[in-house]
Amino acid sequence: MASSAVALPRVYEERGLLSWLTTVDHKRIGILYILGAGFFALIGGLEALFIRTQLAVPNNQVLVGEAYNQVLTMHGTTMVFLVVMPVLAGLGNYVVPLMIGARDMAYPRLNAFGVWMFLLGGLFLNLSFLLGGAPDAGWFGYAPLTAKTFSKGTGIDFWILGLQLLGISSITSSINFVSTILLLRAPGLTLNRLPLFAWTTLVTAFLILFAMPSISAALFLLFLDRHLGTHFFNPAAGGDPLLWQHLFWFFGHPEVYIMILPAMGIVSEVLPVFSRKPLFGYTAVAYSSVAIGFIGFTVWAHHMFAVGLPDVVNAFFSAASMLVAVPTAIKVFNWIATIWGGAVRYRTPFLFAAAFVALFVIGGLSGLFLAAVPVDWQVTDTYFVVAHFHYTLFGGSMFAIVAGIYYWFPKITGRFLDERLGRLHFALQFIGFNLTFFPMHFLGLMGMPRRIYTYAPGLGWESLNLLATIGAFILALGFVVFFANIARSLVAGERAPDDPWDGHTLEWLTSSPPPPYNFARIPVVHSRRPAWDRKYTGNPHARPVAEIAGENDRQEGEDAPEKPIHLPAPSIWPLVIAAGLTVFALGLVTHWLFIPIGILLFAVGLARWATQPLFPEAASHS
Amino acid sequence: MARIRGAARGWARWGAVGLLIPGVWLTGCAAQSPSILAPVSPKGRAEAELFWFIFLITAGVFVLVETLLLYAVLRFRARDPHTVPPQIHGNNALEISWTTATALGLAVIFAMTWRTMAATSAPPADAMPVKVTGHQWWWEFEYPTLGITTANELVIPVGRPVRLTVTSADVIHSFWVPQLGGKMDAIPGRENTLWLQADVEGVYHGQCAELCGVSHANMRLRVRVVSDADFQRWVEAQRAPAAQPVEPLAQQGYQVFMSKACVGCHTINGTPAQGKVGPNLTHVGSRTTIAAGLLENTPENLARWLDNPPAIKPGSLMPRLGLTPEEIQALVAYLSSLK
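If you're matching them up, the sequences are chains A and B in order. Residue 97 in the working numbering sits at position 97 of the first sequence; the count goes up by one each step and never skips. Residue 204 in the working numbering sits at position 204 of the second sequence; the count goes up by one each step and never skips.
Excised from the complex, chain A in its bound form:
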């Protein structure tokens, strides 16, 4: 590639801490997202183990009352906002620009700001453990339990402001994804050829943009209620606690799809590659993602069937919720049809992706019980629901995320994750997961409510709870193996070629890891599987015609004269602005002195950001 006629850009300080703090490269930002999510996953996982330890036997005393509620709340909040969402944002950041043949995200500095806001927002939330107690009202924070009267400490304030900071991060990253995917696709890459992971990331970004304002507004009103004496959620003064639930779930249910759609996208990439077939029913799978996104905004009150809404309202939301099952089923059938008739290779990414389908089906089917109003009156707020959403979010999202990490690890690092450890990890995670969460269906049916820190003996709940706890530790062991595999493979993993899996999409056309500018020449796309079709031309049974030969393997349209590549300059100011907002939030909860410091950091960062040219060498030419 070095012999290329293309003017390769100057690469800014590639090494050292400073280069990471100032990076605007979507790949490094993606890695930061993933590492941050991995760190918070350790915390959230430990919290889960504490919960399961407490519930292993009746009347246990490991984690009681207030402490349990804090850990419970932080487990949910962490897994949703600090693990699943950011790791998907991280994979999206790393992979989507490569997949669509872009050099970077549309707004590189905004992208950097997003990741810093996520990392600092996550630290801010967890700081609450050290500064007077974590939030304790559940991840949904129902009013009026969150009112000052009932939650006097600062935990709820950390929760409100932490989620606001994280919301800012999500919104900026979504704006970036929408712009990038709609505007920066390689020539020939029409929406009708867009890889499914990019499709689902696009739909997810729209969901975040429309859902996030609802919770931001609700959190803002709650903050006013707590500190300025307003009464939005205070029934004694004419407010309404149900207003909170509507605002929260108008965000909260789309949030579920925000966490599952990109995961479905990953699976829609992995299954075809390891079956050596195109995705079956591409159009149906892509459009069903859009359909899930739309219908996802009309189902929120199925979380509220027991609040006393009129029957007709409940029936509407029941029907809408069942309707979501149609596009979901379409996906499942198409995934199975993708494997059907393929040449399936049992590599670790495939195992996790296939397990995703198997487990997500269970989560989807148990969801039907929750959509049926009279059954929901019985099982809502029980362990049946806990089982259901862990089958969708862990059996679903998390299995797909792990599949994606095994799949793209060679692209990101140039090394494979170890296959034998990978299979051990898979076995532990699959068995541990089902042992933990399958019994919870029965616990719910047997009358065990969720979010209770203890239970009496003699209700028939003992053995299943113990089983679930044993499963949780097996599951945890699986993640120990996973992290060990990552650590080991980073230094001693088998070297991976540029296209280790015989891939379909553009990211496999560039080197592993890719250069900062991704592609020396932007590839031109003629089909849905541009990488595959360069290897297997014409005859669907053809053997590979050529190894990937970088830019020599030019396709029609790629021999046009290249323009010089300009990469955006690194900048510290996104980090400074994110730090300013975080310090400001800290001031609102702890000492007022942090407020002016935060504002100062924010203002200086903003001013410097605005005056620093994005492309210094381009600016100096003019």
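Accuracy of the hints is not assured; some may be wrong.
Pair by pair, the computed Cβ-Cβ distance ranges are [as the list claims (entries may be wrong)]:
1) A:D311 with B:L56: 19 to 29 Å
2) B:E191 with A:L600: 48 to 58 Å
3) B:A103 with A:D311: 17 to 27 Å
4) B:K276 with A:T230: 22 to 32 Å
5) B:G189 with A:T611: 50 to 60 Å
6) A:Q61 with B:G189: 33 to 43 Å
Read the hints as simulated data drawn from the structure, not as lab findings. We put the beta carbon where it would ideally sit given N, CA and C, even for glycine.
Following the hints, complete the assembly by docking chain B onto the known chain A.
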């Protein structure tokens, strides 16, 4: 081969667990659980029937889909890593079939859902009214037509419908007695209606189902379903004013109760104690449990509770009052006498 064995092992284990758990569950729940699948009320039965109906459909879909998936994964494993299979991009007939089949199945489930809702939603006209108020962390039951106020134990006559008006004094709670039917949220500032009817005498476990603070797990309740005659006797007893203490120790307990903080929160009808914060204690001696169903109502447990309530129910709004052992013994004697 090792690969396929690894995957098959996972599936086999999973299958074994799948078989084991229903076994454990069936023996467990038949014996002792407040299971929603062991309903004793018309509404609970309708809900359980709908559950089993959906279970039948989803179990069929589950078996079908997992079998297809497993078959595809096992059958189409590549023997030669360089095999390139036929490149099938899709099939419109298949897409239309599974979309239609799914939609039809869901339409049937929704129709049954609607039918069950319509059949169970409105309380019968002759239902006995009871007002249920959730408090952090106990339940208050008022029988407006009978002039009775009690706590944590709802006593109802067998076979007679009861209309519950459910609300809350503080945060959101949720009233739930699984064997008597679905739950209803207790929301401050709102009055929700729930009706239930128990067809079998007995004691049914229930508890708060909405996270309501520190002792959410300790907010339990019991529904005692009794015969008509027993209910009449219970009503008579509850409507009587509080028993006058007779024994000297109980009289001493009366003095302690009236002179300490107790009166600020509790009501005992016919005495100066008219507090409204805590449970009405007029007939506390007649209840089978104390502390929102956490403890059997025995003198020893009552003494433990009076000594240090937050040790038993964390966060309890009844603080540790610093009572002496003598005062506690006297109070126990008095409260136990309030049959």
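Status of the hints after comparison with the structure:
The hinted window of 19 to 29 Å between D311 of chain A and L56 of chain B holds, with their beta carbons roughly 25 Å apart. Our hint of 48 to 58 Å for E191 of chain B and L600 of chain A holds, since their Cβ atoms are close to 51 Å apart. At roughly 23 Å, the beta carbons of A103 of chain B and D311 of chain A sit within the given window of 17 to 27 Å. The given range of 22 to 32 Å is respected by K276 of chain B and T230 of chain A, whose C-beta atoms sit roughly 28 Å from each other.
Range check, G189 of chain B to T611 of chain A: about 52 Å between beta-carbon atoms, so the 50 to 60 Å window is met. Take Q61 of chain A and G189 of chain B: their Cβ atoms lie about 36 Å apart, and the range 33 to 43 Å holds.
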